[in-house]
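Participant: Residues per chain are reported as follows:
Protein chains: 4
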Amino acid sequence: MNDQHATLHDLRERMASFVRERDWEQFHSPKNLSMSIAIEAAELMEHFQWLTTEQSEHLDPAALQEIGEELADIVLYSLSLANHLQIDLAETVLAKMAKNERKYPKEQVRGKAHKYTYYRKQEGEK
Amino acid sequence: MNDQHATLHDLRERMASFVRERDWEQFHSPKNLSMSIAIEAAELMEHFQWLTTEQSEHLDPAALQEIGEELADIVLYSLSLANHLQIDLAETVLAKMAKNERKYPKEQVRGKAHKYTYYRKQEGEK
Amino acid sequence: MNDQHATLHDLRERMASFVRERDWEQFHSPKNLSMSIAIEAAELMEHFQWLTTEQSEHLDPAALQEIGEELADIVLYSLSLANHLQIDLAETVLAKMAKNERKYPKEQVRGKAHKYTYYRKQEGEK
Amino acid sequence: MNDQHATLHDLRERMASFVRERDWEQFHSPKNLSMSIAIEAAELMEHFQWLTTEQSEHLDPAALQEIGEELADIVLYSLSLANHLQIDLAETVLAKMAKNERKYPKEQVRGKAHKYTYYRKQEGEK
Numbered sequence: 062m063n064d065q066h067a068t069l070h071d072l073r074e075r076m077a078s079f080v081r082e083r084d085w086e087q088f089h090s091p092k093n094l095s096m097s098i099a100i101e102a103a104e105l106m107e108h109f110q111w112l113t114t115e116q117s118e119h120l121d122p123a124a125l126q127e128i129g130e131e132l133a134d135i136v137l138y139s140l141s142l143a144n145h146l147q148i149d150l151a152e153t154v155l156a157k158m159a160k161n162e163r164k165y166p167k168e169q170v171r172g173k174a175h176k177y178t179y180y181r182k183q184e185g186e187k
Numbered sequence: 062m063n064d065q066h067a068t069l070h071d072l073r074e075r076m077a078s079f080v081r082e083r084d085w086e087q088f089h090s091p092k093n094l095s096m097s098i099a100i101e102a103a104e105l106m107e108h109f110q111w112l113t114t115e116q117s118e119h120l121d122p123a124a125l126q127e128i129g130e131e132l133a134d135i136v137l138y139s140l141s142l143a144n145h146l147q148i149d150l151a152e153t154v155l156a157k158m159a160k161n162e163r164k165y166p167k168e169q170v171r172g173k174a175h176k177y178t179y180y181r182k183q184e185g186e187k
Numbered sequence: 062m063n064d065q066h067a068t069l070h071d072l073r074e075r076m077a078s079f080v081r082e083r084d085w086e087q088f089h090s091p092k093n094l095s096m097s098i099a100i101e102a103a104e105l106m107e108h109f110q111w112l113t114t115e116q117s118e119h120l121d122p123a124a125l126q127e128i129g130e131e132l133a134d135i136v137l138y139s140l141s142l143a144n145h146l147q148i149d150l151a152e153t154v155l156a157k158m159a160k161n162e163r164k165y166p167k168e169q170v171r172g173k174a175h176k177y178t179y180y181r182k183q184e185g186e187k
Numbered sequence: 062m063n064d065q066h067a068t069l070h071d072l073r074e075r076m077a078s079f080v081r082e083r084d085w086e087q088f089h090s091p092k093n094l095s096m097s098i099a100i101e102a103a104e105l106m107e108h109f110q111w112l113t114t115e116q117s118e119h120l121d122p123a124a125l126q127e128i129g130e131e132l133a134d135i136v137l138y139s140l141s142l143a144n145h146l147q148i149d150l151a152e153t154v155l156a157k158m159a160k161n162e163r164k165y166p167k168e169q170v171r172g173k174a175h176k177y178t179y180y181r182k183q184e185g186e187k
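Protein chains in written order, with the working numbering: chain A, 62 to 187; chain B, 62 to 187; chain C, 62 to 187; chain D, 62 to 187.
Treat the hints as calculated values from the structure; they're not laboratory data. Owing to the predicted nature of the structure, the values given are computational and were not obtained by experimental measurement. Treat the hints with caution; some may be incorrect.
[Unchecked claim] Below 25 angstroms or equal to it, Euclidean Cα-Cα: the simulated SDA-like pairs (lysine to any residue) are:
| no. | chain 1 | residue 1 | chain 2 | residue 2 |
| --- | --- | --- | --- | --- |
| 1 | B | K157 | A | I148 |
| 2 | C | K157 | B | E107 |
| 3 | A | K160 | D | E107 |
| 4 | D | K173 | D | Q110 |
| 5 | A | K173 | A | T113 |
| 6 | C | K160 | D | Q87 |
| 7 | C | K157 | D | L125 |
| 8 | C | K164 | D | Q87 |
| 9 | D | K173 | D | A156 |
| 10 | B | K160 | B | Q147 |
| 11 | D | K160 | C | L120 |
| 12 | C | K173 | C | L112 |
| 13 | B | K164 | A | K173 |
| 14 | B | K160 | A | M158 |
| 15 | B | K173 | A | V80 |
| 16 | D | K164 | C | D71 |
| 17 | D | K157 | D | R73 |
| 18 | D | K157 | D | Q169 |
| 19 | B | K164 | C | L112 |
| 20 | D | K164 | D | A174 |
[What the hints assert, rightly or not] Here are a few chain D residues that sit away from chain B, every Cβ distance over 10 angstroms (derived from the structure):
| no. | residue |
| --- | --- |
| 21 | V80 |
| 22 | R81 |
| 23 | H119 |
| 24 | A123 |
| 25 | D134 |
| 26 | N144 |
| 27 | M158 |
| 28 | E162 |
| 29 | P166 |
Quick reminder that beta carbons are idealized off the backbone N, C-alpha and C, glycines included.
Required output: the full structure, derived from the provided sequences and hints.
Facilitator: Below you can see the structure in the form of structure tokens.
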């Protein structure tokens, strides 16, 4: 099952079974899951810790494989948190993207990486 | 579009457009995206920083809304990294889950939260 | 040399030599060091990931030893960042503490863990 | 009081008073403090999120001021954790540095940023 066919629901169900079969819901409190996502994010970062941003664009297949697994762990804990809190992930993600589109109007931010507060300040200065 | 219907591909395409329209691919290097995921994970943790694990189970609707948005940011950057590295996220997540199923056999780990190295050690001691 | 006698300067010098002798200044850019601190912080968190806040108060000697080492890594990278940016750490830390004392007046926050924005809001509502 | 004169003990005592006066020991469990360090580390990273490693070497005074404050927060929570666990920080840091010196012999690692497992593997291949 690949990205063309897998729905968020499919993946959530798989993760929910994995956790339930191990009786791990008790450990998957929101607090613990937020730590788990941060821990996996750090393991992902470890692959890039001493690389320049430029070097991080040129990864060998072995590194890419490991990086994919770290990313998977982040997604798995994110799915478990969505399960635990009964959040619809697609709706929430699309709503957040719509909010980001308003916060960062494309004409204004094109090719720039400032934070949105920077743009609001400029707006205010006009 | 909700979790029942949204495929990973749908969300990836939306995120790819968002990034492309802002000419932000140049900032979305793997190194920078790994930092971004970790930063958003920390913003998620901030909601639980001073709560007990027990308290983190009882969130009011306002907190839940904010937590959903932080989780969305983590997912958005994860989608962007998958786009950037051309990783099929569903395949990678399912493969990692299969690996975790072997690493943590359900009969052995039920209701326990030790790391898998602990189980291998026990195995070795038999 | 223990906490009674070691100055920040002593520790900074030791770390500076360690880095210089390995010709590692080139890797210790502020960006990389900020990632390194975050990575070590995550390794510290890993020890507490599945514990309740209460359980984290009762650590066995072996865990305590490992936790001390993770904390040391955080401090080491912090010293290196201070070296790299030529920040006086004691002055900066004491200035930040003075700022925190104003932000969180002790009469007002005693026994409470809300963020300071919460206190400002209350103040505004009076 | 600057790095030339401030001992770790001086700073620890100041932080201990700050926490005690607010009756915040109850929140400063090892688990919560590990999250707090990680959260502050992420706030530090935020300053470098979209910069190249090279750009992160050239910070303007305003950025440097803010970065110093984030670093201070990391140190403050580290001091509080040392207080809470009664760890001598200078001893632990110096012991860890001695361990790192053995793990990364300077003749072998000069100018290279590989992880120490890489060096052990090479050693084994001889």
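Participant: Starting from the hint list further up, note which numbers the structure goes against and sort them upward.
Facilitator: Going through the list in order, the structure violates hints 13 and 14 and respects the others.
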